[in-house]
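Engineer: The residues making up each chain are set out below.
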Amino acid sequence: MRGTMICGVADSDEGRTAVELGIELSRRLGLRLVLAHVAQGFYPHDAAQDGRESVAMKGDRIEAERLLLTLAEEYGIAETAERRSSVGDRAALLGQIAAEEAADVIVVGSRARGWRGRGLRSSLAEELKATTPVPILIAPPSSGRNGKPEAADVMQR
Amino acid sequence: MAKRTWSVYRRVFAVNVGLLGVAAVLLVVTPVTISAPIELEQAVIVGVGLLVMVAADAWLLKRAVTPLEQLAQRMEAVDLLRRGQRLEVRRSDEIGRVIGSFNRMLDRLESERHESARRVLAAQEAERIGIARDLHDEVGQVLTGVLLELNVIADTAPEHRKAIDDAKQAVRSALDEVRRISSELRPEMLEHLGLVSALTELSRSFQRASGVEVERRFETSLPTLSDDTELAVYRVAQESLTNIARHAQARTVTIGLESGPGRVVLRVVDDGRGFSGTPEEHGGLRSMRERSLLVGGALAIKQAAGGGVEVRLEVPAVPAGEHAELVR
Numbered sequence: 123m124r125g126t127m128i129c130g131v132a133d134s135d136e137g138r139t140a141v142e143l144g145i146e147l148s149r150r151l152g153l154r155l156v157l158a159h160v161a162q163g164f165y166p167h168d169a170a171q172d173g174r175e176s177v178a179m180k181g182d183r184i185e186a187e188r189l190l191l192t193l194a195e196e197y198g199i200a201e202t203a204e205r206r207s208s209v210g211d212r213a214a215l216l217g218q219i220a221a222e223e224a225a226d227v228i229v230v231g232s233r234a235r236g237w238r239g240r241g242l243r244s245s246l247a248e249e250l251k252a253t254t255p256v257p258i259l260i261a262p263p264s265s266g267r268n269g270k271p272e273a274a275d276v277m278q279r
Numbered sequence: 378m379a380k381r382t383w384s385v386y387r388r389v390f391a392v393n394v395g396l397l398g399v400a401a402v403l404l405v406v407t408p409v410t411i412s413a414p415i416e417l418e419q420a421v422i423v424g425v426g427l428l429v430m431v432a433a434d435a436w437l438l439k440r441a442v443t444p445l446e447q448l449a450q451r452m453e454a455v456d457l458l459r460r461g462q463r464l465e466v467r468r469s470d471e472i473g474r475v476i477g478s479f480n481r482m483l484d485r486l487e488s489e490r491h492e493s494a495r496r497v498l499a500a501q502e503a504e505r506i507g508i509a510r511d512l513h514d515e516v517g518q519v520l521t522g523v524l525l526e527l528n529v530i531a532d533t534a535p536e537h538r539k540a541i542d543d544a545k546q547a548v549r550s551a552l553d554e555v556r557r558i559s560s561e562l563r564p565e566m567l568e569h570l571g572l573v574s575a576l577t578e579l580s581r582s583f584q585r586a587s588g589v590e591v592e593r594r595f596e597t598s599l600p601t602l603s604d605d606t607e608l609a610v611y612r613v614a615q616e617s618l619t620n621i622a623r624h625a626q627a628r629t630v631t632i633g634l635e636s637g638p639g640r641v642v643l644r645v646v647d648d649g650r651g652f653s654g655t656p657e658e659h660g661g662l663r664s665m666r667e668r669s670l671l672v673g674g675a676l677a678i679k680q681a682a683g684g685g686v687e688v689r690l691e692v693p694a695v696p697a698g699e700h701a702e703l704v705r
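So the sequences go chain by chain: A and B.
As numbered in the working numbering, residues 123 to 279 make up the first sequence, in order.
As numbered in the working numbering, residues 378 to 705 make up the second sequence, in order.
Keep in mind that the hints were calculated from the coordinates and are not lab data.
Built from N, CA and C at the ideal position, the CB exists for glycine as well.
Do not rely on the hints blindly, as some may be mistaken.
Unchecked claim - One-sided excerpt, in silico: chain A residues whose CB lies under 7 Å from chain B: (1) Gly181; (2) Ala214; (3) Glu223; (4) Asp226; (5) Pro263.
What the hints assert, rightly or not - Computed cross-link-like contacts, DSS-like style, restricted to lysine-lysine with a CA-CA straight-line distance of at most 30 Å: (6) A:Lys180 x A:Lys251; (7) A:Lys180 x B:Lys539; (8) A:Lys251 x B:Lys539.
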C-alpha cells in the first residue's frame with residue numbers, strides 16, 4: 123500500500139475523465155483508488171447522522187451509491203476500487219472523505235476554458251481548495267481523439 | 378489573497394439605487410402616463426413594472442447575500458473532530474473578516490480540544506489500569522480465597538458436596554470473568570508482546586465470546602509505532618469488535634494490519650447488516666475519532682464492499698531516525 127488517491131466522480135464527461143485519469147495513475151503509482159461521489163444537496167449537515175434522513179436525501183444517497191457502482195463496473199474496477207458516497211455540500215464532504223481516507227491526492231474533472239479551450243475550469247477544485255489540505259489534480263477534458271485525458275494540471279497546496 | 382470588494386451595505390444600497398434609477402429613467406423616457414382614476418391598461422403596465430422590479434431586486438439581493446448563506450452553511454458543518462477544515466478568505470469586506478475570525482477561532486478551539494481530549498483519554502486509561510489492578514488484586518484474591526474455603530468445607534462436610542461443587546463452579550466463572558474484564562481494561566499483552574499479539578488475543582477472545590468467525594491478516598513486518606499510537610489502534614479495534622458484537626449480526630469478521638511508507642493501517646471488516654447513510658456517531662464512534670485525532674491518524678467508518686461495515690484507521694509510524702534513537 124503506497125498511498126491513497128480519491129477520485130471525485132460524477133455522471134458527466136468531466137467525471138468520467140477524472141475516473142479514467144484516476145485509474146491510470148493509481149495503477150502506475152500503485153495507489154489505493156477510492157471513487158467518491160457527493161450528490162449535491164442542501165440538507166442539514168447532521169441530518170443523516172441523527173437518523174433524520176429525509177426521503178429526498180435517502181433517494182439522493184441511493185442514487186449516488188448506484189452511480190458509483192455503475193461507473194466502477196463500467197471501467198472494470200468494481201472489485202479493486204473502493205467507493206464512498208455522500209449527500210450534501212460536495213466540496214466539504216469530499217474534503218471530509220479525503221481526510222478520513224488519509225488521501226494523498228484528489229483527482230477531479232474539468233471543462234475547457236478560454237481562447238481555443240486551452241485553459242481548465244473546475245469549480246469543484248476551486249471549492250475544494252478551501253476545504254482540504256490535500257493536493258488536487260485536475261483531469262483535463264478528453265481530447266476527443268482517443269477519449270483519454272492529455273495532461274493534468276496540479277493545484278499544489 | 379482576498380480580493381477587494383464592496384461592503385454588504387454598499388452592495389445592497391447600490392442594488393436599490395440602481396433599480397430606482399432604472400424605474401425613474403423608464404418613467405421619463407417612456408410615453409406611459411397614469412390618469413386618475415387609473416385605467417385597466419395602465420394598471421397592467423404598473424403591475425408588470427412592479428413585478429419586474431421586485432424580481433430584479435430579489436435576484437440582485439440574493440447575489441449579495443449568497444456568500445453569507447454559504448458561510449453559515451460551512452460554519453454549521455464544521456466538526457472539531459475532523460481537523461483542517463477552514464474557509465477560504467476570498468474577500469476583504471465584513472464577510473471576509475468574519476471568515477478570518479472564524480478560522481482563527483477554529484485554530485484555538487482545535488488546539489484546546491486536542492489538549493483536553495489528550496488529558497481525558499490519559500485519565501481514562503489511568504483509571505482503567507487502576508480498576509483492572511483492583512479487580513485482579515482485590516476481587517480476584519477474595520474469590521481465590523473463597524475457592525480455597527469451599528475446598529476445606531467440602532472436605533469437612535461431604536454430605537453437601539453437590540452444593541459446594543456448584544458454588545465452586547460459580548466462583549471459578551466469576552474469576553474467569555474478572556480476569557477477562559481486567560485484561561480488557563488493561564491490555565498487558567500490548568505492553569509486553571506488542572500490537573500483533575495483543576490484537577490476536579483480542580480477536581480470539583471476541584470469537585470465543587461472540588461466536589463470530591474471525592479472520593486475521595497481520596503483515597509480519599510492520600513499522601514501529603509509538604506507545605500512544607499502538608494503544609489507539611488497539612482501542613479502535615476493541616471498540617469496532619464490540620460494535621460488531623452488539624449491532625452487526627455478522628457471521629465473519631476480518632481484522633488486519635498492513636503497512637505503507639511511514640504508516641500502518643488497521644482494517645476491521647464485517648459481513649453484517651451494515652448501515653444506511655451515515656452511521657450515528659455517539660459515544661463509541663466519537664471516542665474512536667478522538668483517539669485517531671490525538672495520534673494524527675485518519676479514521677473512516679464506511680460501508681464494506683460485501684455489505685457490512687469497514688473501519689479503517691491509518692496511523693503514522695515512528696520515523697526511522699527516531700526509531701533508531703529509541704533502540705539505542
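Engineer: Next step is simple, just say for each hint if it's right about the structure.
Structural biologist: Now the hints, each set against the structure:
Interface restraint check: A:Gly181 against chain B, minimum CB-CB distance 12 Å, threshold 7 Å, status violated. Because the beta carbon of A:Ala214 sits about 5 Å from the nearest beta carbon in chain B, less than 7 Å, this interface hint is met. A distance limit of 7 Å between C-beta atoms decides the matter here; for A:Glu223 the minimum to chain B is near 5 Å, and the interface restraint holds. Restraint check, A:Asp226 versus chain B: the minimum CB separation of about 10 Å is more than 7 Å; hint violated.
The beta carbon of A:Pro263 comes no nearer than 25 Å to any beta carbon in chain B, farther than 7 Å, and the hint placing it at the interface is violated. For the suggested pair A:Lys180 and A:Lys251, the alpha carbons sit about 28 Å apart, so the restraint of at most 30 Å is met. Distance hint between A:Lys180 and B:Lys539 is unfulfilled; the C-alpha atoms sit about 61 Å from each other, more than 30 Å. With a C-alpha separation of about 74 Å, the suggested pair A:Lys251 and B:Lys539 falls outside the 30 Å cut-off, and the hint is violated.
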